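Residue numbers (my numbering), protein chains in the order written: chain A, 1 to 256; chain B, 1 to 325.
Keep in mind the hints are simulated off the structure, nothing from the lab. This structure is a prediction, so every number in the text was calculated from the model and none was measured. Honestly, I wouldn't trust all of these hints.
Stated by the list, open to error - With a cut-off of at most 35 Å between alpha-carbon atoms, the simulated DSBU-like pairs for lysine-lysine come out as follows:
(1) B:146 x A:125
(2) B:143 x A:125
(3) A:195 x B:164
(4) B:44 x B:258
(5) A:195 x A:19
These are the residues of each chain, in order.
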Amino acid sequence: MNYSKTEMQAYTIARMIQKDQVVIVGTGLPLVGAIMAKRVFQPSCTLVVESGLMDFNPIEMPRSVSDLRSMSHCGVTCPPYRYLGFQANELIQDSQRLIGFIGGAAVDRYGNVSATCIGDYHRPKIRFPGSGGANGIASFVNTIIMMQHQKRRFVEAMPYITSPGWLQGPGSRQVAGLPANRGPMAVVSDLGVMKFDEQTKEMYLAGYYPFTTPKCVQDNTSFHLDVSCAKVLPEPDEEAIHLLRQIDPTGIFLNE
Amino acid sequence: MNKVYSLHDAIERYVQNGDHIAIGGFTTSRKPLAAVNEIVRQGKTDFIAEGGPAGSDWDMLIGAGRVKAYINCYTANPRFSNVSRRFRAAIEEGNLLFEDYSQDALMMAFHGAALGIPYVPVKMMLGSGLEVNWGISAEDRMKIDKLPNEKFIIQNNPFNPEEKLLLMPTPRLDCAIIHVQMASPDGTCRILGDVYHDVDIAFAAKRTIVTCDDLVSNEVIRREPEKNTVPGIVVDAVVHTPYGAHPSQVYGGYDYDKEFYLAYDEAGKSDESFQAFLKEWVYGVEDHSAYINKLGATRILALNAVIGFGYAVDLEKIIGEEAGK
Numbered sequence: 001m002n003y004s005k006t007e008m009q010a011y012t013i014a015r016m017i018q019k020d021q022v023v024i025v026g027t028g029l030p031l032v033g034a035i036m037a038k039r040v041f042q043p044s045c046t047l048v049v050e051s052g053l054m055d056f057n058p059i060e061m062p063r064s065v066s067d068l069r070s071m072s073h074c075g076v077t078c079p080p081y082r083y084l085g086f087q088a089n090e091l092i093q094d095s096q097r098l099i100g101f102i103g104g105a106a107v108d109r110y111g112n113v114s115a116t117c118i119g120d121y122h123r124p125k126i127r128f129p130g131s132g133g134a135n136g137i138a139s140f141v142n143t144i145i146m147m148q149h150q151k152r153r154f155v156e157a158m159p160y161i162t163s164p165g166w167l168q169g170p171g172s173r174q175v176a177g178l179p180a181n182r183g184p185m186a187v188v189s190d191l192g193v194m195k196f197d198e199q200t201k202e203m204y205l206a207g208y209y210p211f212t213t214p215k216c217v218q219d220n221t222s223f224h225l226d227v228s229c230a231k232v233l234p235e236p237d238e239e240a241i242h243l244l245r246q247i248d249p250t251g252i253f254l255n256e
Numbered sequence: 001m002n003k004v005y006s007l008h009d010a011i012e013r014y015v016q017n018g019d020h021i022a023i024g025g026f027t028t029s030r031k032p033l034a035a036v037n038e039i040v041r042q043g044k045t046d047f048i049a050e051g052g053p054a055g056s057d058w059d060m061l062i063g064a065g066r067v068k069a070y071i072n073c074y075t076a077n078p079r080f081s082n083v084s085r086r087f088r089a090a091i092e093e094g095n096l097l098f099e100d101y102s103q104d105a106l107m108m109a110f111h112g113a114a115l116g117i118p119y120v121p122v123k124m125m126l127g128s129g130l131e132v133n134w135g136i137s138a139e140d141r142m143k144i145d146k147l148p149n150e151k152f153i154i155q156n157n158p159f160n161p162e163e164k165l166l167l168m169p170t171p172r173l174d175c176a177i178i179h180v181q182m183a184s185p186d187g188t189c190r191i192l193g194d195v196y197h198d199v200d201i202a203f204a205a206k207r208t209i210v211t212c213d214d215l216v217s218n219e220v221i222r223r224e225p226e227k228n229t230v231p232g233i234v235v236d237a238v239v240h241t242p243y244g245a246h247p248s249q250v251y252g253g254y255d256y257d258k259e260f261y262l263a264y265d266e267a268g269k270s271d272e273s274f275q276a277f278l279k280e281w282v283y284g285v286e287d288h289s290a291y292i293n294k295l296g297a298t299r300i301l302a303l304n305a306v307i308g309f310g311y312a313v314d315l316e317k318i319i320g321e322e323a324g325k
């Protein structure tokens with residue numbers, strides 16, 4: 001294997017982005033993958049970020065959603081409320097082109113994500129920075145969730161939901177007042193790609209990497225995963241690996 | 001009208017104990033950190049803090065014990081401190097009254113405040129912990145005049161009763177503090193790049209303090225009014241503060257100081273080391289000029305943005321690659 005696990009992840013993300021999509025992408029591996037998609041697979045995609053930078057394509061890796069590296073040469077620097085208006089209007093107009101990447105500390109079988117705390121909300125064992133733009137993205141937009149694959153991160157129960165997934169299963173988004181036709185589409189981890197069953201809204205294993213197995217994915221997940229449809233995902237070739245390393249030459253995200 | 005003050009006088013006069021304050025900028029970008037240092041130095045305290053996309057600004061004020069209630073949506077110096085450490089410690093140790101909102105909802109609330117409207121209907125936070133859990137209970141809210149008695153109210157859209165809405169109360173800010181690239185003595189401001197929520201909080205607050213990298217004449221800033229976004233009539237104090245956002249970055253001006261942020265992260269690991277950091281970089285430094293001198297000319301110059309990029313680039317590497325295309 002002449003590529004790293006993170007390079008496999010970034011490559012997988014790049015291949016998930018589709019023609020003409022508008023991609024809400026902050027930093028991290030999704031940004032590496034999205035830049036690769038824009039350069040190679042889907043030049044028609046557009047990158048936007050929650051601080052309001054619309055149509056950016058950085059030549060140097062940004063560290064945060066407000067980094068000048070994303071601001072430089074972007075299309076328009078909108079104030080954040082304009083970005084939110086865009087996100088909301090895409091839903092009102094039933095546009096299908098918007099997709100958002102979000103992260104967090106843990107995810108449950110319905111794709112609910114926590115980025116606020118572990119333990120009691122008022123007196124947590126571990127406190128995280130908070131929602132940022134993720135709650136809004138998860139409310140309005142189809143999402144792809146990024147998560148390190150560990151049992152303590154793929155959890156049975158989610159006491160505090162920062163970014164709503166399919167909540168408690170079929171129909172529950174509508175009850176909560178959220179659009180029922182938006183929600184998590186996939187989870188990309190360092191072990192594979194999970195998707196959600198159309199009927200039950202439960203997570204299942206859709207793909208695994210050449211260096212993982214369905215059993216390994218299940219062993220690192222706290223709840224039962226249907227692995228019966230899982231297929232091995234294609235690995236990056238020499239050219240793709242070279243390009244990924246060009247995009248993030250100092251390994252800000254690829255070496256994490 | 002001349003609104004130019006020294007940083008000391010601007011903070012002394014326009015920041016009061018107990019103020020409901022919002023700070024401009026975004027995590028590690030265009031944060032008015034010289035002003036924050038001066039607030040800490042002067043001992044002002046008991047703030048109702050509108051965090052917005054916060055970084056070391058509010059983390060420092062929390063760590064210095066100046067925050068009475070913290071309205072959070074995100075507090076981090078991304079890739080330096082993925083969770084701001086004093087913010088995290090204060091919550092984990094039960095020493096901070098705090099509330100959580102979605103960032104978009106807070107940004108809409110700031111915009112609503114700038115428009116002078118009492119609340120903004122949004123559709124975020126529904127079904128999440130942000131709806132279910134209130135950091136500050138209704139009972140505690142009653143005791144704090146500056147906070148609304150409800151975190152939000154959920155109501156159906158009167159025009160479409162099937163639609164559930166979350167009504168976000170807009171804050172009534174006493175004070176806004178922003179850092180801009182350019183301002184003139186009458187308070188007119190020019191922000192280059194993303195304005196974030198800065199224009200909104202400047203319009204919304206009773207008092208607005210502006211720190212600027214460049215102070216230019218009222219006549220010069222009016223030659224290109226299309227580039228100006230904050231009129232002097234909503235500004236109370238203008239402070240000429242070169243590198244006043246350090247260690248954060250300013251588009252077209254200077255980049256973040258990575259070493260400083262890493263040192264800040266290290267210092268935040270305990271209250272003891274954090275207080276020592278404050279002693280070294282805030283209390284032990286007379287003013288912003290002394291702070292800049294302490295950093296040193298070489299260090300500051302290395303942060304300067306390169307024309308055409310807006311940030312500091314490794315000239316040989318990046319421009320070389322561009323030229324090679």
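Comparing the hints with the structure gives:
Taking the CA atoms of residue 146 (chain B) and residue 125 (chain A), the gap is near 30 Å; set against the 35 Å cutoff, the hint holds. Simply put, residue 143 (chain B) and residue 125 (chain A) have alpha-carbon atoms about 28 Å apart, close enough for the 35 Å limit, and the pair holds. Of the pairs offered as hints, the one joining residue 195 (chain A) and residue 164 (chain B) holds, with about 28 Å between alpha carbons and a cut-off of 35 Å not exceeded. Taken as a hint, the residue 44 (chain B) and residue 258 (chain B) pair is honoured in the structure, with Cα atoms around 28 Å apart against an allowance of 35 Å.
Proximity of residue 195 (chain A) to residue 19 (chain A) is assessed by CA-CA distance (about 20 Å); at most 35 Å being required, the pair is judged to hold.
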